[in-house]
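Participant: Just so you know, the sequences run in chain order A and B. Each residue of the first sequence is one higher than the last, beginning at 13 in our numbering. Each residue of the second sequence is one higher than the last, beginning at 13 in our numbering.
Among the hints, erroneous ones may be present.
[To be verified] Below, computed lysine-lysine pairings styled on DSSO-like, alpha-carbon distance capped at 30 Å: (1) 65/B / 14/A; (2) 87/B / 299/B; (3) 333/A / 98/A; (4) 14/A / 171/B; (5) 299/A / 65/B; (6) 14/A / 299/B; (7) 316/A / 97/A; (8) 150/B / 171/B; (9) 65/B / 150/A.
Hints were generated in silico from the structure; no laboratory data involved. Since this is a predicted model, take the numbers as computed values, not measurements.
2 protein chains.
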Amino acid sequence: MKYGFSQRVRYLKSSAVRDILKVVNNGDVISFAGGLPDEGLFPVDAVSNAFQKAIESNPKALQYGETEGVYDLRKQLSDRMRRHKKIIRRPEDILITSGSQQAIDLFSRIMFNPGDIVLTEDPTYLAALQVFSSYETKVVPVESDQDGMLEDDLEDKIKRLKPKCIYVVPTYSNPGGKVWSLERRKALLQLANKYHVVILEDDPYGDLQFEQGETPPTLASMDENEYVLYTSTFSKTVVPAMRIGWIVGPHQIIRLMSQAKQAADLHTNSISQYALVHLMQDFDLDKHIQVIRDTYYERMLVMKQLLDQVNMEGLSYIEPKGGMFMWVNMPEMINTTNLLQKAVEQGVAFVPGAPFYVSDPKENTMRLNFTNATPNLIEEGMNRLVTVMEQAQMESIEKVY
Amino acid sequence: MKYGFSQRVRYLKSSAVRDILKVVNNGDVISFAGGLPDEGLFPVDAVSNAFQKAIESNPKALQYGETEGVYDLRKQLSDRMRRHKKIIRRPEDILITSGSQQAIDLFSRIMFNPGDIVLTEDPTYLAALQVFSSYETKVVPVESDQDGMLEDDLEDKIKRLKPKCIYVVPTYSNPGGKVWSLERRKALLQLANKYHVVILEDDPYGDLQFEQGETPPTLASMDENEYVLYTSTFSKTVVPAMRIGWIVGPHQIIRLMSQAKQAADLHTNSISQYALVHLMQDFDLDKHIQVIRDTYYERMLVMKQLLDQVNMEGLSYIEPKGGMFMWVNMPEMINTTNLLQKAVEQGVAFVPGAPFYVSDPKENTMRLNFTNATPNLIEEGMNRLVTVMEQAQMESIEKVY
Chain A
13 MKYGFSQRVR YLKSSAVRDI LKVVNNGDVI SFAGGLPDEG LFPVDAVSNA FQKAIESNPK
73 ALQYGETEGV YDLRKQLSDR MRRHKKIIRR PEDILITSGS QQAIDLFSRI MFNPGDIVLT
133 EDPTYLAALQ VFSSYETKVV PVESDQDGML EDDLEDKIKR LKPKCIYVVP TYSNPGGKVW
193 SLERRKALLQ LANKYHVVIL EDDPYGDLQF EQGETPPTLA SMDENEYVLY TSTFSKTVVP
253 AMRIGWIVGP HQIIRLMSQA KQAADLHTNS ISQYALVHLM QDFDLDKHIQ VIRDTYYERM
313 LVMKQLLDQV NMEGLSYIEP KGGMFMWVNM PEMINTTNLL QKAVEQGVAF VPGAPFYVSD
373 PKENTMRLNF TNATPNLIEE GMNRLVTVME QAQMESIEKV Y
Chain B
13 MKYGFSQRVR YLKSSAVRDI LKVVNNGDVI SFAGGLPDEG LFPVDAVSNA FQKAIESNPK
73 ALQYGETEGV YDLRKQLSDR MRRHKKIIRR PEDILITSGS QQAIDLFSRI MFNPGDIVLT
133 EDPTYLAALQ VFSSYETKVV PVESDQDGML EDDLEDKIKR LKPKCIYVVP TYSNPGGKVW
193 SLERRKALLQ LANKYHVVIL EDDPYGDLQF EQGETPPTLA SMDENEYVLY TSTFSKTVVP
253 AMRIGWIVGP HQIIRLMSQA KQAADLHTNS ISQYALVHLM QDFDLDKHIQ VIRDTYYERM
313 LVMKQLLDQV NMEGLSYIEP KGGMFMWVNM PEMINTTNLL QKAVEQGVAF VPGAPFYVSD
373 PKENTMRLNF TNATPNLIEE GMNRLVTVME QAQMESIEKV Y
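Produce the entire structure from the sequences given, and follow the hints as far as they go.
Facilitator: Here it is in structure tokens:
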């Protein structure tokens with residue numbers, strides 16, 4: 013039988029990252045691919061107790077629930093965002109989603125018509141690009157440096173292209189691991205205000221800050237005129253399997269997203285939502301997050317030190333101030349997609365940088381995850397990776413001569 | 013700020029059913045509205061134990077998982093559908109979804125372009141109509157009687173309109189509570205084969221059969237040529253809050269739906285998926301379902317007996333052989349949407365039939381749910397409802413004279 017599918021399926025493809033994950037889960041490859049938090053840090057007992065309470069203390073937790081999400085959870089999130097992110101929003105301005113991935117999807121569903129323009133960083137979060145293109149939008153990258161989007165190019169593209177939305181991951185980004193400066197954040201907001209463009213601020217990693225001190229404020233906390241939608245998740249700070257994210261912002265947009273969610277899946281798993289309510293009451297989540305930060309910081313430093321020892325012209329990386337990823341530039345003659353095959357043969361995996369680019373992929377980039385392996389394994393894995401890198405460099409030099 | 017939304021939002025509206033639910037949850041209204049299973053029947057201890065096992069015995073249950081769903085759950089579903097529904101499919105042909113609502117949404121996402129035709133029964137499941145229209149399809153009703161769609165009208169509409177899909181709830185339907193006959197099922201399949209049309213068989217209630225004996229086989233079990241997608245859920249047999257449904261069918265369609273799901277929400281809550289694996293191993297789900305069936309059957313009979321005592325010309329109803337709903341026709345001069353307001357004032361709620369119609373709503377119909385109230389409350393609620401109905405009839409007669 014030959015089926016007639018929608019136009020949309022042309023834009024669906026399996027994510028390179030997740031396909032690699034599948035391969036790497038088998039066998040004893042040390043993986044710097046994927047974006048998995050460390051299973052060893054999961055607060056198993058606290059999660060188990062929280063679920064037990066959720067299930068046994070409240071039959072409502074097992075019944076159908078409201079599309080917007082469990083009110084007590086939205087109340088806690090409202091308080092928490094006020095305390096930690098300086099975002100002042102009522103529970104009614106929050107929608108609980110099945111992970112922040114669903115927030116991006118529902119936002120897209122209510123915002124985009126085919127042909128609409130979305131401005132993004134380049135490289136940026138792969139699975140957001142997939143969602144945007146599945147709604148037949150045109151994604152256009154804005155020139156950026158370490159501090160964020162370049163103001164001139166941003167204004168030029170806003171004026172010329174009239175985008176529907178600007179999508180950014182300004183704090184410990186995936187894949188780049190970078191943090192936007194305060195000035196660039198302000199500039200983005202000013203331009204959004206001037207030209208009336210909505211911003212989707214994706215902040216899954218904001219809690220994973222390595223060193224004490226100020227990080228620049230969230231865009232949402234500086235948004236005075238209802239331009240910013242802010243989404244985050246419990247996947248990196250509690251456990252991913254619950255699939256609980258949220259999005260907060262202008263009530264009119266949140267309300268339409270709720271209606272879209274009602275058609276999409278009625279509501280998010282409410283056992284997990286009630287469990288989070290109990291977890292945040294009974295468990296010191298902030299202390300737990302500090303443990304995660306310290307652990308990931310240590311691992312990042314191990315990875316960084318091993319990279320520092322490599323003597324290779326053209327090798328550079330960005331030292332992340334938080335999050336889960338290190339972004340590495342290899343010498344220009346090295347194609348990391350080709351390199352991956354050899355690396356996996358040597359028992360180490362990473363993600364080539366190319367798929368994260370909107371256009372003109374830099375084929376010599378790679379993303380290394382440092383959160384899912386112990387320091388010993390990071391050391392062993394980096395030794396394997398450096399061997400493969402040096403071989404590739406030798407071969408590329410031999411080709412030249 | 014005035015936002016520019018997608019065309020799609022025109023088709024989003026809050027579901028009448030869920031909006032009524034919100035009102036009815038407050039106060040002491042006896043509700044025959046909504047479609048809630050009885051909280052008193054939730055297997056709380058078994059669910060709690062299953063979650064504890066899922067969380068404590070396997071760290072993978074807390075990590076990111078595969079989009080297709082937990083393999084062991086798909087394996088159990090494959091076995092269970094073979095035993096209970098005579099559907100022979102591999103685990104690889106199953107996609108786990110966030111409730112069967114998401115199955116309908118993901119199916120629509122990969123199948124429909126704006127303007128595509130979907131054939132349905134009339135009345136039919138409200139939230140499916142909402143999904144179809146949100147993808148800008150044109151939903152066209154097929155003439156039906158108690159046994160299912162009428163073959164002549166179905167063939168005529170297939171030939172004339174070339175539909176992309178036929179959506180049916182053939183077993184204990186929502187809202188009608190009816191069961192398609194074997195002959196009509198075969199006729200539908202033959203026409204789907206003849207004209208190459210995909211069928212989406214929605215079966216959330218199939219397990220809730222009241223009396224012993226044969227129900228006609230599922231469409232999926234008779235599908236020899238890969239035309240039928242079959243979706244069901246644990247919401248009515250275990251608990252709704254887990255939001256675990258599934259869809260099974262031709263591998264090519266399931267695979268594309270998985271890719272769509274990856275963009276939509278990465279994967280379904282895997283703690284709940286692993287909990288279901290344990291639940292089905294440790295708990296006699298079939299015995300539990302028998303208790304649910306017996307309880308709902310008893311409640312339906314209480315409701316039916318009270319309706320039988322009403323002496324009102326033009327009042328008729330369909331006695332359901334399973335499921336959760338009774339469909340009532342009132343005398344033609346009574347508009348049930350107007351009636352609802354009075355009913356709620358008297359402390360009883362139902363859902364007017366009109367929103368379930370694709371076109372030409374019968375304003376004198378209503379859907380009564382009998383699963384979420386005890387027999388005593390059903391009796392009290394029906395007494396209130398009959399009073400309101402009789403008053404409405406008196407008033408309509410007075411108007412005539």
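Participant: Does residue 299/B lie within 30 Å of residue 14/A when you go C-alpha to C-alpha?
Facilitator: 41 Å, violated
Participant: Has the given pair, residue 14/A with residue 171/B, been kept, meaning a C-alpha gap of at most 30 Å?
Facilitator: 18 Å, holds
Participant: Residue 65/B and residue 150/A: Cα distance at most 30 Å?
Facilitator: Outside the cut-off at roughly 46 Å; violated.
Participant: For the pair we were handed, residue 333/A and residue 98/A, check the Cα-Cα distance against 30 Å.
Facilitator: 20 Å, holds
Participant: Just to be careful, I want the Cα atoms of residue 65/B and residue 14/A compared with a cutoff of 30 Å; is the pair within it?
Facilitator: Outside the cut-off at roughly 43 Å; violated.
Participant: Is it true that the CA of residue 87/B sits at most 30 Å from the CA of residue 299/B?
Facilitator: Holds - the C-alpha atoms of residue 299/B and residue 87/B are around 21 Å apart, at most 30 Å.
Participant: So if I understand the rule, the pair passes when the alpha-carbon distance is 30 Å or less; does residue 316/A with residue 97/A pass?
Facilitator: 29 Å, holds
Participant: Given the proposed pairing of residue 150/B with residue 171/B, does the C-alpha separation stay at or below 30 Å?
Facilitator: 16 Å, holds
Participant: Keeping to a limit of 30 Å between CA atoms, is the pair of residue 299/A and residue 65/B held or broken?
Facilitator: 26 Å, holds
This entry does not satisfy hints 1, 6, 9, going by the numbered hints stated previously.
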